[in-house]
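Protein chains: 2
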Amino acid sequence: MLGNFTYCNPTKLYFGQGALDGLKNELPKYGKNVLLVYGGGSIKKNGIYDKVVQILKECKKEIFEDAGVMPNPTTEKLAEGCERAKRAKADLILAVGGGSVCDYAKALSVSVNCEEDPWEKYYIRFEEPTCKLIPVGCVLTMVGTGSEMNGGAVITNHAQKLKIGHVFGEEVFPKFSVLDPEFTFTLPRYQMVAGIFDIMSHLLEQYFSGTDDNTSDYIAEGLLRSLIRSAQIAAENPTDYEARSNIMWTATWALNTLVAMGKTTDWEVHMIGQAVGAHTDATHGMTLAAVSLPYYRHILPYGLAKFKRYAVNVWSVDPKGKTDTEVAEAGLAAMEDWMKKLGLVMNLTELGATRDMIDGMVKSTLIMTGGYKVLTEEEVRQILTESF
Amino acid sequence: MLGNFTYCNPTKLYFGQGALDGLKNELPKYGKNVLLVYGGGSIKKNGIYDKVVQILKECKKEIFEDAGVMPNPTTEKLAEGCERAKRAKADLILAVGGGSVCDYAKALSVSVNCEEDPWEKYYIRFEEPTCKLIPVGCVLTMVGTGSEMNGGAVITNHAQKLKIGHVFGEEVFPKFSVLDPEFTFTLPRYQMVAGIFDIMSHLLEQYFSGTDDNTSDYIAEGLLRSLIRSAQIAAENPTDYEARSNIMWTATWALNTLVAMGKTTDWEVHMIGQAVGAHTDATHGMTLAAVSLPYYRHILPYGLAKFKRYAVNVWSVDPKGKTDTEVAEAGLAAMEDWMKKLGLVMNLTELGATRDMIDGMVKSTLIMTGGYKVLTEEEVRQILTESF
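Those protein sequence lines, which keep their order, are chains H and G. Each residue of the first sequence is one higher than the one before, starting from 1 at the first, in the working numbering. Each residue of the second sequence is one higher than the one before, starting from 1 at the first, in the working numbering.
Keep in mind that the hints were calculated from the coordinates and are not lab data. Check before you lean on any hint, since a few could be wrong.
Note that identical chains are pooled: a pair holds if it fits in a single copy or bridges any two copies.
As a list, the in silico DSS-like pairs of lysine-lysine whose alpha-carbon atoms are at most 27 Å apart [what the hints assert, rightly or not]:
no.: 1; residue 1: K12; residue 2: K132
no.: 2; residue 1: K86; residue 2: K322
no.: 3; residue 1: K44; residue 2: K175
no.: 4; residue 1: K89; residue 2: K12
no.: 5; residue 1: K29; residue 2: K12
no.: 6; residue 1: K306; residue 2: K32
no.: 7; residue 1: K45; residue 2: K24
no.: 8; residue 1: K24; residue 2: K175
no.: 9; residue 1: K132; residue 2: K175
Chain H extracted, bound-state conformation:
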């Protein structure tokens, strides 16, 4: 059943070829000072930077830059961005990039006018913003995180060796996001397939939890089927617009709160994957890929009915003449086959991990309680060992 919830997602999305023109509708709604936030500069090579700047100028905006946002944005970078935003008297933060850049822009939004240390307030005490927010808009160049239509903002504190995500309320969601699938064409294949698995993992983390019948799981199944099909096509031809547009749209809906409405969720794969990331600095989506199957095979007996349903409804496994366990295992086998064909990393060795890191990874793994089995430390160790 659907538990009680509130749902609100006010982000306006401009989707498709030429979607960047949507900026011309949005920019006039804000004051003239725009803080343009981006990462390592790939947007300068692929021409997106020039296009954005041209529209900002057309709309008579004063442009202030905050470049160099790293894949895991840090508290130091956030402090620097706050200074830049204050000096610029920013009326709008425009993020151009992937999930990290969008996350960082939202963290900036709630931090610029914050009268205390934002890390302490939002990431240690998990309080909600009480200061004046600076509105955020996004131009997405990489898909996977759903950050373009949610309130998530992950920040890393190196001094404290902590990487924490705060999921803010709808007042922090981007006011608008531009989603042009062609902007993702130049992404290296490794990043593309890692992003695809991140999307799949978001859906599965929310799907593999609970035993009730609720609409959210059916929507997730639809999104999974679309993702599986389009991923296969994109892996063969990364500039297939149909496939890339479906992947982009699926990514948004995989993590904009819809498929979690009224149900419990797991997120243990992300916890193990992030522990791997903390010890290897490997690409996020690949860490999830390396640990997912060992984890799901481990918890399968505890969530058998759902794994059977996953096999039949998502992977079209024919249940005739098979035991429930055989059906469920056939679903995971089909998933493994699909993952290998995509070229995903299927073990921790390929991510640069070594077995002597296992102890540390176990210690870094947060235990969640929404999945089919609350793991013991020994089980986390076993799953990590099976991921080599």
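Given chain H, put chain G in place with the hints provided.
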């Protein structure tokens, strides 16, 4: 592929048991004068009226009433409502009822301060509102139309024998809606199953169009599967909370624009069904039920691949050893079986129609161009004849 689009749906939803308490969060955002809009008074019998009024009083609101909204709200009623809203200096229109009441509230929202005849401006010339809008909130007591989270507002002009829907932009969407599945428990079974088929029809109208591969169709398949399952349970036990909550949530997402994003749509079943309604005054969902299978069987050869996909993905038809046409037909046969078990009206005779009405119904049927076959007048006649 996903065509270009913009998406924005800012309505805040309070869903579940006790969702009415959400009013206490929302009401303080508006001025003190509330126009309470409702229908024939069933909300006074089932206690919802008293609950709403109590919260309005707790929130120190001045309550003005606009009751008697009919199943097909008229231009006369709209004019009366505008007068009431003006006299009340309404700061908020609170609709308590089903789709008609929500539709009417939105029509009021754009009409109260309209300086010309709203019928002419919005329903004949299809212009967008330029006047100050009055915000709308909804408390849903009947599911099916999705009006609680979209911009649709159908109004009937009896003098001109026209019933027209205007789909307004997001500024006219309800600011908030309260969805408590228990509020739908007292609905008579006939209305419940008619509403369920209306939801299914909304999904199918958007699904049976186009030959490309897009995520929206996969989401629709998920919603259809959830609806099919929960409808069967609700038909046996109308107070099964799990089933009714899933039906309510599916109804919202079936017609809040999501499953139409980036794709073409049909809506011919609604056109034929509305023509039947104009000549019989039969319940909307039942008119759709009576004409759907003859229509879909007629267009099946033109959209064979999609009907096959529908059979396999939605009705779990096993395609092995069957021709494409056999698979597609087996899907519609499964749908027919499900409809009969629900107790839906399967022919026009039961709706009070007679064969001498066919000519008039043909004339009243608008021909749409997004489906798999643009119908000729002769084909509409044939489908209507087969619906007896």
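Here is how each hint holds up against the structure:
1. Within a single copy, K12 and K132 get their C-alpha atoms as close as 21 Å, and across copies as close as 22 Å, so both meet the 27 Å cut-off.
2. Taking the shortest Cα distances, K86 and K322 never come within 27 Å of each other, neither inside one copy (64 Å) nor across copies (68 Å).
3. Taking the shortest Cα distances, K44 and K175 sit within 27 Å of each other inside one copy (24 Å), while across copies they are farther apart (40 Å).
4. In the homo-oligomer, the alpha carbons of K89 and K12 lie at most 27 Å apart inside one protomer (24 Å), although the nearest pairing across protomers, at 31 Å, exceeds that limit.
5. For the homomeric pair K29 and K12, the shortest alpha-carbon distances inside one copy (13 Å) and between copies (22 Å) are both at most 27 Å.
6. For the homomeric pair K306 and K32, neither the shortest alpha-carbon distance inside one copy (52 Å) nor that between copies (49 Å) is at most 27 Å.
7. Taking CA atoms no more than 27 Å apart as the test, K45 paired with K24 passes inside one copy only; the shortest distance there is 23 Å, against 51 Å between copies.
8. Both within a single protomer and between protomers do K24 and K175 lie at most 27 Å apart by alpha-carbon distance, with minima of 14 Å and 25 Å respectively.
9. In this assembly of identical chains, the alpha carbons of K132 and K175 lie at most 27 Å apart whether taken from the same copy (15 Å) or from different copies (22 Å).
The structure does not agree with the numbered hints 2, 6 stated previously, though it agrees with the rest.
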